[in-house]
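So the protein sequences, as listed, match chains Y and W.
For the first sequence, our numbering begins at 1 and goes up steadily by one.
For the second sequence, our numbering begins at 1 and goes up steadily by one.
No lab work stands behind these hints, which were simulated from the structure alone.
Check before you lean on any hint, since a few could be wrong.
[Claimed, not checked] Listed next, the in silico DSS-like pairs over lysine-lysine satisfying Cα-Cα at most 25 Å (straight line): (1) Lys52/W with Lys97/Y; (2) Lys140/Y with Lys56/W; (3) Lys97/Y with Lys97/W; (4) Lys116/Y with Lys173/Y; (5) Lys221/Y with Lys9/Y; (6) Lys56/Y with Lys140/W; (7) Lys7/Y with Lys233/Y; (8) Lys97/Y with Lys140/W; (9) Lys56/W with Lys32/W; (10) Lys157/W with Lys140/Y; (11) Lys140/W with Lys157/Y; (12) Lys97/W with Lys52/Y; (13) Lys218/Y with Lys9/Y; (14) Lys52/W with Lys56/Y.
[Claimed, not checked] Derived list of chain W stretches under chain Y, where covered just means 3 residues or more per stretch with a C-beta under 8 Å from a C-beta of chain Y: (15) 129-141; (16) 159-165.
[Stated by the list, open to error] Chain W is nowhere near these chain Y residues, computed Cβ spacing over 12 Å in every case: (17) Thr24; (18) Ala35; (19) Lys97.
For glycine and all other residues, C-beta sits at the position ideal for the given N, C-alpha and C.
Number of protein chains: 2
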Amino acid sequence: MEIDYSKIKVIGFDADDTLWINETYFREAEEKFSALLEGYETKNKIDQELFKMEIKNLELYGYGVKGFMLSMVESALELSNNQVSQQTIEDILNLGKEMLRQPVELLEDVRKVLRKLSGNYRLIVLTKGDLLDQERKLEKSGLSEFFHHVEVLSDKKEENYQHLLDHLEIDVKEFLMIGNSLKSDVLPLIDIGAQAVHVPFHTTWEHEQVKINEGEYKYLKINKLSDILEYLK
Amino acid sequence: MEIDYSKIKVIGFDADDTLWINETYFREAEEKFSALLEGYETKNKIDQELFKMEIKNLELYGYGVKGFMLSMVESALELSNNQVSQQTIEDILNLGKEMLRQPVELLEDVRKVLRKLSGNYRLIVLTKGDLLDQERKLEKSGLSEFFHHVEVLSDKKEENYQHLLDHLEIDVKEFLMIGNSLKSDVLPLIDIGAQAVHVPFHTTWEHEQVKINEGEYKYLKINKLSDILEYLK
Chain Y
1 MEIDYSKIKV IGFDADDTLW INETYFREAE EKFSALLEGY ETKNKIDQEL
51 FKMEIKNLEL YGYGVKGFML SMVESALELS NNQVSQQTIE DILNLGKEML
101 RQPVELLEDV RKVLRKLSGN YRLIVLTKGD LLDQERKLEK SGLSEFFHHV
151 EVLSDKKEEN YQHLLDHLEI DVKEFLMIGN SLKSDVLPLI DIGAQAVHVP
201 FHTTWEHEQV KINEGEYKYL KINKLSDILE YLK
Chain W
1 MEIDYSKIKV IGFDADDTLW INETYFREAE EKFSALLEGY ETKNKIDQEL
51 FKMEIKNLEL YGYGVKGFML SMVESALELS NNQVSQQTIE DILNLGKEML
101 RQPVELLEDV RKVLRKLSGN YRLIVLTKGD LLDQERKLEK SGLSEFFHHV
151 EVLSDKKEEN YQHLLDHLEI DVKEFLMIGN SLKSDVLPLI DIGAQAVHVP
201 FHTTWEHEQV KINEGEYKYL KINKLSDILE YLK
């Protein structure tokens with residue numbers, strides 16, 4: 001894929017599953033949730049119903065751990081036909097609190113890549129989720145020094161990106177976004193005339209999955225973040 | 001109080017209980033919460049314990065309705081010694097969802113004041129709470145057109161304001177903040193060298209209450225938002 005990166009001046013990084021591990025903790029929480037409810041339904045059914053509940057509540061709660069906790073509680077009540085024990089509700093709350101307290105585990109070579117790129121580009125972080133939680137994770141990551149700006153967005157659609165680039169006075173042609181979600185970090189950027197790089201993470205939340213036709217979108221796909229150094233100097 | 005407003009170019013508005021009603025809905029939710037749990041404790045004790053739970057969880061959840069919902073669930077379990085019914089947990093979730101779906105009710109003369117000031121000043125909104133919820137409320141309020149920028153902050157301390165003013169390239173001497181919370185909207189601004197106007201709302205959350213000595217801080221206190229038009233032309 002030949003893409004001209006010579007005009008790029010600003011690079012946006014997704015955070016969850018691009019700079020640090022995130023989805024893995026949600027998967028682990030879902031495992032624990034289905035174990036807590038195993039008396040009521042099959043694991044498969046529990047997984048499905050929790051996912052449906054999250055999607056149903058997404059418009060109201062938005063992304064992030066707090067909404068996930070509320071959806072787990074609601075789903076536990078529904079799946080058990082209001083039979084779930086009070087102790088289990090307490091366990092679910094603790095499970096969510098654990099997620100919020102989790103240390104931040106950086107993905108491979110993240111520091112090295114950011115140090116290198118920060119010399120030649122303006123770097124920003126664009127993430128979605130709970131405001132305080134994302135700020136806390138950035139703080140814990142020790143990566144703040146590399147970024148000129150951090151933005152927590154309520155969603156990552158074309159209009160969210162367009163609005164932010166306008167606000168930061170970034171020319172769309174000089175902007176490159178790097179992230180693990182094709183749906184949130186790549187396609188909307190191509191659609192507004194920016195560039196984007198896809199670095200898949202081994203796990204993708206079902207809601208972030210998207211199907212596109214071969215060749216429909218022009219973007220670079222790399223295996224690991226440090227591969228970007230071959231393209232950006 | 002003689003304060004010179006001739007240098008002011010940018011005015012920041014708090015949103016909850018400054019532009020629209022908010023605390024009233026929390027008070028109503030607390031009433032309903034204590035009614036749901038009246039079999040377990042006195043109303044007074046329930047109020048106190050819920051407040052303590054919110055403060056305990058504030059560092060982890062931050063401000064906003066989702067954290068409040070999670071604290072209500074946790075408090076219900078604790079107050080009832082895990083005896084609270086599953087139906088009551090469901091009722092608590094619904095109570096929180098109602099809050100998120102509430103229409104936005106503007107305070108008196110808000111539109112008139114913003115229309116007038118927007119001709120001569122750059123207006124911005126500075127609020128704390130859940131990102132999506134605050135964005136939604138601004139949208140519902142129909143006031144977006146008056147604002148150059150909207151910022152949802154995870155907290156409203158000196159460093160949050162300083163950081164934001166730096167980012168927006170606003171000279172602290174040209175900035176005036178207007179809000180209902182002395183603790184969050186007034187004192188930190190005075191402390192960083194900006195100006196501030198206090199418009200008390202009839203109800204203040206206990207956590208936002210603060211005591212200061214007479215004359216310690218120099219700010220204007222007005223009875224209703226439209227009074228500001230006597231000072232800013």
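Would you check the hint for Lys221/Y and Lys9/Y, treating anything up to 25 Å between C-alpha atoms as holding?
Satisfied, since the Cα-Cα distance of roughly 20 Å is no more than 25 Å.
Taking the minimum C-beta separation from Lys97/Y to chain W, is that value above 12 Å?
violated, 6 Å
Does the segment 159-165 of chain W contain three or more residues whose Cβ lies closer than 8 Å to a Cβ of chain Y?
Violated: only 0 residues of the segment 159-165 of chain W have a Cβ under 8 Å from chain Y.
Going straight from one Cα to the other, do Lys116/Y and Lys173/Y come out at no more than 25 Å?
Roughly 22 Å separates the two Cα atoms, so the pair holds.
Run the distance test for Lys97/W versus Lys52/Y: straight-line Cα separation, threshold 25 Å.
Holds - the C-alpha atoms of Lys52/Y and Lys97/W are around 17 Å apart, at most 25 Å.
Hey, Lys52/W versus Lys97/Y, does the alpha-carbon distance stay inside 25 Å?
holds, 17 Å
Are Lys218/Y and Lys9/Y close enough, with their CA atoms no more than 25 Å apart?
holds, 19 Å
Lys97/Y paired with Lys97/W [C-alpha distance capped at 25 Å]
Status holds; Cα separation ~21 Å.
Keeping to a limit of 25 Å between CA atoms, is the pair of Lys157/W and Lys140/Y held or broken?
Distance of about 20 Å is within 25 Å: holds.
Does the structure keep Lys140/W and Lys157/Y at a Cα separation of 25 Å or less?
Holds - the C-alpha atoms of Lys157/Y and Lys140/W are around 20 Å apart, at most 25 Å.
Lys56/W paired with Lys32/W [C-alpha distance capped at 25 Å]
holds, 21 Å
Measure nothing beyond the straight line between the CA atoms of Lys7/Y and Lys233/Y; if it is 25 Å or shorter, mark the hint as holding.
This hinted pair holds, its Cα atoms lying about 12 Å apart.
In summary, the numbered hints that this structure violates are 8, 14, 16 and 19.
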